[in-house]
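J.: Taking my numbering, the leading residue of the sequence shown gets 1244, the next gets one more, and so forth.
Hints listed in this document are in silico derivations from the structure and should not be mistaken for laboratory results.
All C-beta atoms in this analysis are idealised placements derived from N, C-alpha and C, irrespective of residue type, glycine included.
Some clues are possibly wrong.
Claimed, not checked - Label-pair ranges, simulated between beta-carbon atoms:
#: 1; residue 1: Y1594; residue 2: D1483; range: 48 to 54 Å
#: 2; residue 1: P1444; residue 2: V1542; range: 43 to 49 Å
#: 3; residue 1: Y1271; residue 2: A1454; range: 24 to 30 Å
#: 4; residue 1: V1505; residue 2: R1462; range: 34 to 40 Å
#: 5; residue 1: K1551; residue 2: T1324; range: 42 to 48 Å
#: 6; residue 1: V1327; residue 2: E1428; range: 27 to 33 Å
#: 7; residue 1: R1303; residue 2: V1505; range: 38 to 44 Å
#: 8; residue 1: L1481; residue 2: C1304; range: 25 to 31 Å
#: 9; residue 1: V1327; residue 2: C1304; range: 22 to 28 Å
#: 10; residue 1: V1453; residue 2: V1546; range: 26 to 32 Å
#: 11; residue 1: I1500; residue 2: S1525; range: 30 to 36 Å
#: 12; residue 1: P1333; residue 2: R1524; range: 26 to 32 Å
#: 13; residue 1: I1435; residue 2: T1324; range: 30 to 36 Å
#: 14; residue 1: V1327; residue 2: S1431; range: 24 to 30 Å
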Amino acid sequence: MQFLRQEITFDRFVRGILYLSVAGIILYTLRYLSPVLIPFLVAWVGAWILIPVVRFFQFRCRLRSRALSVVVTLILVTAATLGVLRFFVPMMIDSITHIKDATLLYLQSGSHALHLPDWMDHYVAELLSALKVEEVLRENNLFNVVRNSLPQMWDMVLSTANILLSFVASTIAVLYLIFLLIDYERTSTGWIDFVPVAHRPFLSRLASDVASGMRGYFRGQALIALSNCVMFSIGFWLIDLPMPIGMGCFVGLISFIPYVQVLGFLPAALLALLQMAETGRSFWLIMLLVLLVYVVVQVIQDVFVTPKIMGKIMGLSPAVILLSLSVWGFLLGIVGLIIALPTTTILVAYYKQYVLRESPPSSPLFD
């Protein structure tokens, strides 16, 4: 930290401007090359997530060979993905068919058979009539419905050039992922060679702390998102909402970014309309039940789940966690919500160590 206390001279000021200019040029170049770099960045994130699994197979399971550990990990991930798709895809197809039947029932029943507010019934009727929904939904084949409703998307999917480009990009990303996993340690630490020797110890430790913080944060957020999947699925099932598991998992997954699960309220409201069309229940009662599920899950998450998980991983109190999410979310939006907790933990720890001259932090991040 000695370089932070050095006197700012004109020479250092000019060099600082030059460094900022070079950084700006690098950022512009990265933005210009983003179509080419995206597969590499996706592979890097995948390698960063999967490297603990690779190390587990290599050292704990004693597979010895890094290449063999990578192959086993990729096979395991592929099998898990196919298993999840095998479980959810048939369920989603059945639910979509159920929604189709409910929509046809609404179109055939008319507004007098339902408890929809007059203004909303008039708006929905005009919208469905303009989109020719009833004519489209009477198609027997679900894929014909998609093809007839979205011809441009269908043409895009059938485009040989787009399919070929997507396949090539996916193949390149997979190759990047394999090479990064095989040589992850050397690749992830090679950047330090481009840093001046005097600054290497501090920046190396900072990078290590940031990586540990983000890893702990993502692990905690994954547990929170999983708990939200379960709670939302149970809640939607209890109020008899269509597609309860699919909708619950969707809302739970987007809750990986704190408070973004509120965006799932709109599709939940649309499913509530379909439930009303099928059962004839009061629209406002169903909406109240959907809102109640959101409120209950949010309270459980904020009061019990997040402080318990993140407090243990990050070493922050519940009040500081909520304050950190609020401040960083206000400053940087969604990005701020993602980096809020690990950034706050590192800032507090470094402030105590380098400014207050206290002992190194005891947070699990720095163990």
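J.: It remains to establish, for every hint, whether it holds in the given structure.
T.: Status of each hint after checking the structure:
1. Y1594 x D1483: 48 to 54 Å: holds (51 Å)
2. P1444 x V1542: 43 to 49 Å: holds (45 Å)
3. Y1271 x A1454: 24 to 30 Å: With Cβ atoms ~26 Å apart, the hint holds.
4. V1505 x R1462: 34 to 40 Å: violated (24 Å)
5. K1551 x T1324: 42 to 48 Å: violated (29 Å)
6. V1327 x E1428: 27 to 33 Å: holds (30 Å)
7. R1303 x V1505: 38 to 44 Å: holds (40 Å)
8. L1481 x C1304: 25 to 31 Å: Because 42 Å falls outside the window, the suggested range is violated.
9. V1327 x C1304: 22 to 28 Å: holds (23 Å)
10. V1453 x V1546: 26 to 32 Å: For V1546 against V1453, whose Cβ atoms are near 29 Å apart, the range 26 to 32 Å holds.
11. I1500 x S1525: 30 to 36 Å: Since the Cβ atoms of I1500 and S1525 sit about 33 Å apart, the hinted range of 30 to 36 Å holds.
12. P1333 x R1524: 26 to 32 Å: Between P1333 and R1524, where Cβ atoms are some 27 Å apart, the hint holds.
13. I1435 x T1324: 30 to 36 Å: holds (34 Å)
14. V1327 x S1431: 24 to 30 Å: At 29 Å between Cβs, range holds.
Figure legend: structure checked against the earlier numbered hints; hints not met, in rising order: 4, 5, 8.
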